[in-house]
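Engineer: Sequence:
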Amino acid sequence: MIGIGKREGFLMTLDADAIVERRQLRRRLYFWRGVTLLLAIGLAVALGLYAGRGMSGKGAPHIARVTVSGMILADADQRKMLKDIVASDAVKAVIVAIDSPGGTTVGGEELYDGLRRIAENKPVVATMGTLATSAGYMTAIATDRIFAERTSITGSIGVLFQYGNVGALMQKIGVDVKTVKSAPLKAEPSPFTYPEQPGAAAMIQRLVDDTYAWFVDIVAERRGLSRPDVLRVADGSIYSGRQALDLRLIDEIGGEDAAVTWLESAKGIDKELKIVDWAPERPYAGFGIADRAMAAAGRLIGIDLSAWNSEGRLDGLVSVWHP
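Take our numbering: the final residue in the sequence shown is number 707, and no numbers are missing along the way.
Wrong hints could be hidden among the right ones.
Stated by the list, open to error - For lysine-lysine, the following DSBU-like pairs were computed, each having C-alpha atoms within a straight-line distance of at most 35 Å:
1) K476 <-> K658
2) K476 <-> K570
3) K442 <-> K464
4) K442 <-> K658
5) K556 <-> K570
6) K467 <-> K651
7) K658 <-> K464
8) K651 <-> K556
9) K651 <-> K476
10) K655 <-> K467
11) K506 <-> K467
12) K570 <-> K442
13) K506 <-> K651
14) K476 <-> K506
15) K467 <-> K442
16) K506 <-> K464
17) K565 <-> K442
18) K442 <-> K655
19) K464 <-> K655
20) K556 <-> K442
21) K658 <-> K467
22) K464 <-> K476
23) K442 <-> K562
24) K476 <-> K442
For the record, the hints were derived by calculation from the structure and aren't laboratory data. Predicted, not measured: the structure shown is a model, and the values here were computed from it.
Whole structure, please, built from the sequences with the hints as guidance.
Structural biologist: Quick look at the structure:
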């Protein structure tokens, strides 16, 4: 009986060791399965990105389409994209599709300068959608030829600076903001200063006038108009595509097809070339459902939230009609 008991004990020890070993083996199996799955996902993503780039057609000769929509803001990713277009031998021409009420003057200036650099190397045309006003029109005049639909809204050439003042209200409710500053016009106009600091409005007016003068000058230069002629239409008024054609603010009534026809007849660009969309690369945008929902909501109110970063704030001088 004693011999049998020892044997049973030995077998029980073997069983326990086997169970522990099986558990360890199972853990190792799960670990390596997880590693393999992660590697497979990573490989699939890499292949997808590579295939996406290949299928985008950016490696073959093509016409690039750059869409400017919603609020125009300063955008580092967009600046890089425009430089990439300049450097790409595959891009034979560029169509800038504009549907924007405008935005910040700096955002418009960035687009204007970037498109002018492209136009030094390859043909660039603009097509206007529903809206191409203010900084949207500033974008259009950077191109070689502007196309608009008959009912497109354009113009609104001008600059503005808006600010509110709650100083009188705060005085009524007994709130007083104390400010210590180096000079009377420092940080003015302030929403808390009441009555307004003398000279603050004149300072802002000088800023607006200087930027407006620059806007008028580039319109005159790009559209081949005299400065007095531009000043007559640059009173903030908006115009339909047909009115803008009569005023020489655009070149032709038509859309993308008309633009491609002109590129072929005037610049020798093969109209059979594929039109490929170019957009700023935003590595960390659009991967989640919440990101996509926010982006869709932004587009509904005319704001590209993917470009809303530390550079892109609708602040300071703006050239915009109605967002």
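Engineer: With reference to the structure, classify each hint as holding or not holding.
Structural biologist: For each hint, the structure was consulted:
1. At roughly 10 Å between alpha-carbon atoms, K476 and K658 fall within 35 Å of each other, so this suggested pair holds.
2. The straight-line distance between the Cα atoms of K476 and K570 is roughly 50 Å, outside the 35 Å bound, and the hint therefore fails.
3. About 16 Å separates the Cα atoms of K442 and K464, which keeps this hinted pair within 35 Å; it holds.
4. At most 35 Å may separate the alpha-carbon atoms for a hinted pair to count; K442 and K658 meet this at roughly 10 Å.
5. Taking the CA atoms of K556 and K570, the gap is near 25 Å; set against the 35 Å cutoff, the hint holds.
6. A hinted pair counts as satisfied when its Cα atoms are at most 35 Å apart, and K467 with K651 qualifies at roughly 22 Å.
7. For the hint pairing K658 with K464, the CA-to-CA distance comes to about 22 Å; that is within 35 Å, so the pair holds.
8. Annotation: proposed proximity of K651 to K556 is violated, straight-line Cα distance about 66 Å (limit 35 Å).
9. Between K651 and K476 the alpha-carbon distance is near 10 Å, which keeps this suggested pair within the 35 Å criterion.
10. With a CA separation close to 24 Å, the supplied pair K655 and K467 stays within the 35 Å bound.
11. The hinted pair formed by K506 and K467 meets the criterion: a straight-line CA distance of about 13 Å does not exceed 35 Å.
12. Using a Cα cut-off of 35 Å, the hinted pair K570 and K442 is violated, with the two alpha carbons roughly 50 Å apart.
13. Restraint check for K506 and K651: satisfied, since their Cα atoms lie roughly 9 Å apart, inside the 35 Å limit.
14. Straight-line distance between C-alpha atoms of K476 and K506 comes to about 6 Å, which keeps the hinted pair within the 35 Å bound.
15. A threshold of 35 Å between alpha carbons decides the hint, and for K467 with K442 the separation of about 14 Å falls inside it, so the pair holds.
16. Of the supplied pair hints, the one linking K506 and K464 holds, its CA atoms being roughly 17 Å apart against a limit of 35 Å.
17. For the hint linking K565 to K442, the alpha-carbon distance of about 54 Å lies beyond 35 Å, and the restraint is violated.
18. For a cut-off of 35 Å, the pair hint linking K442 to K655 stands: about 17 Å separates their Cα positions.
19. Only pairs whose Cα atoms come within 35 Å are accepted, and K464 paired with K655 is accepted, the gap being roughly 27 Å.
20. Restraint check: the Cα-Cα separation between K556 and K442 comes to about 62 Å, which exceeds 35 Å; the hinted pair is violated.
21. Pair hint K658 plus K467 holds up; C-alpha atoms about 21 Å apart against a cutoff of 35 Å.
22. As the CA atoms of K464 and K476 are separated by approximately 18 Å, the hinted pair is consistent with the 35 Å bound.
23. For the hint pairing K442 with K562, the CA-to-CA distance comes to about 58 Å; that exceeds 35 Å, so the pair is violated.
24. At most 35 Å may separate the alpha-carbon atoms for a hinted pair to count; K476 and K442 meet this at roughly 11 Å.
Checked against the numbered hints above, the structure violates hints 2, 8, 12, 17, 20, 23; every other hint is satisfied.
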